[in-house]
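First to last, the protein sequences are chains A and B.
Numbered according to full-length UniProt numbering, the first sequence spans residues 1 to 531.
Numbered according to full-length UniProt numbering, the second sequence spans residues 1 to 305.
I should point out that these hints are in silico values taken from the structure, not numbers from a laboratory.
Predicted model, so just to flag it, every value in this text is computed and none were measured.
Glycine included, every Cβ here is placed at the ideal spot set by N, Cα and C.
Just so you know, not all the hints are guaranteed correct.
Using C-beta positions, here's what the derived DEER-type ranges look like [stated by the list, open to error]:
#, chain 1, residue 1, chain 2, residue 2, range
1, B, G212, A, T296, 51 to 57 angstroms
2, A, R373, B, N39, 18 to 24 angstroms
3, B, H188, A, G191, 38 to 44 angstroms
4, B, R70, A, G375, 20 to 26 angstroms
5, A, V268, B, E29, 50 to 56 angstroms
6, B, D251, A, G265, 58 to 64 angstroms
7, B, R148, A, L298, 33 to 39 angstroms
8, A, V268, B, D24, 53 to 59 angstroms
9, B, L164, A, T403, 47 to 53 angstroms
10, A, L467, B, T17, 31 to 37 angstroms
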Amino acid sequence: MTRLAGLRDLLRLAWRRDRVIVPSSVAGLVLLSVGSAQATLALFPDDDSAVAGLADIVANPALVAMYGPISAADADALAVFKTVMMGAVLTAVLALVVLRRHTRTEEEEGRLELVGAGVVGRWAPLAAGVLVATSAVLLASGLSALGLLGLGMDPAGSLAFGVAWATAGLAQVGVTALAVQLASTTRGAGGLAFGALGAAYLLRAAADSVDGGVVHALGWLSPLGWAGRVEPYGRDRTWVLALGLGALVLGVAAALVVLDRRDLGGGVLPTRTGRARAGRALSGPLGLVSRLATGTLLGWVVGLAAGGVVLGSLLGAVGDLSSSPQMQRFLEALGGSAGTLEEVYLATESRFVAVAIAAGGIALVLRLGAAERLGLGEAVLATPTSRTRWYAAHVALAVGATTLFTLVVGGAVALVGPRASEDAPGAGAVLGAFLATLPAVWLLVAAAALLVGARPRFAPLAWAVLLVGFVVGELGPTMDLPGWLVDLSPFAHLGQLPGGEFAALAAAVMTVLAAGLVGGGGVAYARRDLA
Amino acid sequence: MTDAITIRGLRKTFGRTVALDGLDLTVREGEVHGFLGPNGAGKSTTIRALLGLLRVDAGTARVLGRDPWREATALHRDLAYVPGDVVLWPTLSGGETIDLLGRLRGGVDEERRRRLVARFELDETKKGKAYSKGNRQKVALVAALASRVPLLVLDEPTAGLDPLMEQVFQDELAALRAEGRTTLLSSHILSEVERACDRVSIVRAGVVVESGSLEHLRRLTRTRVQATVEDTPTRAEAAGWPGVADVALQDGRLSCTVDAEHLGGLVAELARRRVAGLTCQPPSLEELFLARYEGGSPVPAQARA
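Just chain A, with the same shape it has in the complex (with noise of 0.2 angstroms):
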């Protein structure tokens, strides 16, 4: 096998790059399975009380398309939930981000030309990038089973709620090994394989969203689909694993088929040329930030524009559930809020909008990093524009855009919600909910921007305050954490929309910080060396 030949060496690099992001994010889906299984376990004591609220959510069709159907009624079900489907997700993403990193991008930055040109196979790269983000899966995955098992939960469901994890992760896997071959750029690879996965997402939804019938036969044609169809501590189907692998194997070798009739660092997918003169938008940084990011805040704004819809037409089918008590404790817990079921439904999609859109800002203030890595931002700062400015510009651009998208799914959800359901809030309370999240994205941007601005080799910790504050905001109250760590979350700070009070003294407290900390950034920026 001469193509495979230095897979050993390569696999041992890859490794040695991952030693951090691979355990720690494998370490970050352990915590998320096992620990909000133990949270929702110690919610519900008894068995029979579980029982007792379950029915309702099983029934309510918004919370099945956000997480998928309940496997069955049970403690075990409940306890599990929300992390098979988000669990499933996130291991996909982990997939992606791994094996694009080892070819596309080793590929498209030209160190792959270098180890190429050594002692190394045609499929040596791509085969350790494969192997690497195929253990990261089944890492995640196996060792969230068995932290379920220890947990003391059923040992055959918990093996099905590893299956689920790796069913998703290593579809993705082939999924993303194709599409690093068709692309020629790193961003272009993540286009499709993301479109890929948000795409297996709606379709997921949607099948969920009805009982049986051809749409709800369609979800089989998800990868997400599968994770959630492995219903574990139910049915348990745990041969579905058998399409995950179908999937890793037909992805892999579509690529490798590929990646023989192709020439290093050219792709399938043609490059196409550009203008010969700049518009006249392009001139002075924001201008040119905002060139850049066209295509990603197109994309994000079209994406919002349709999950804002979906979220709105959804209102709808959420609809009179029981108020039983164990019903309302776990409404209260999930969204932070007591109100009609349309308001905890809306209260609480606004703020898992809120956290995408944060992620989205944080990306766009990291592009400062990675110009300046690049060696971009040398060429900008070595004309008559200042630090200030160039570092300006990144911010404005995210805090922007973070405003936009939210303006862009708070309208859609605004415009089609009071439609489909008649005792859904008004379109006014809608938008007003969205945009109240606000200032804690700001706050997320804002910290992105001093970690890039005083220390950008710390910059890729902004991903870590958001995972935080998502995870201590958005769960600690279902976890049980303490008071004092939930408020350290911007999210914790939200107040109660719609129905409930606007928290404005935290609004403007986090507003006043997200600007200092953006100015921090801004001075740290201009006194530092240059990479």
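Assemble chain B onto chain A, guided by the hints.
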């Protein structure tokens, strides 16, 4: 004549690594100044300090009369820079990049831009990611050479260019010089430096070890002399002549080196001994630079390893 760049005692350390160790450099207004040195000598660090991208630990730098760290923005209005390793925005076309950099700098000379694009045979519609190294270099060069600034800072600008394009670059550089603009040209290509530069500075281990015109540098290095004389001296005799070294005698042919100061004396001595054949080789540029890169140094050879 005033100086465009004045650097005195510049020091910069990165952790335990000393990148610049008291570097002095003077670039006069209107000249093309060659900046030479082996890899890792501190050329790029010096340039980045001149641009105000790095904050130096000690020493002073004045560029066009300004402090590059504190007045970076104002300074950048008057200079154009081509980095050693040109990176382009992958999604912007070459033409867009040239226009963008020109606008950030405050405008380009449209006429010159057109001419440069034509002469460099640059396809402006390709995206940044699609360009080869040489073509990326051309994009950055067009953007810099077409700008209306008094000072150009070029860090190994021809590294990826073919000989024809190098010729174009030389012509354009000469044209800029004729207009009275100043250029700091870091390079490894000696023939390029020889043709383009008025003066050169050689940097090694963070210090400028030699600075001056090429003529001046040549005089610092020994000339190789080969002569056939009727009245052959002994080896010891020849070695005793002032300024002479590396003496070898074979079949009545004398071979030695002599420093510039004593070349006249040596030729007179050879004439007295009835010279029949004489060749004098001035030091080649390669010898000149190798001598400065390696030997005759304030730092012993083993300390650099």
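Of all the hints given earlier, name the ones this structure violates by number, lowest first.
Per hint list: zero violations.
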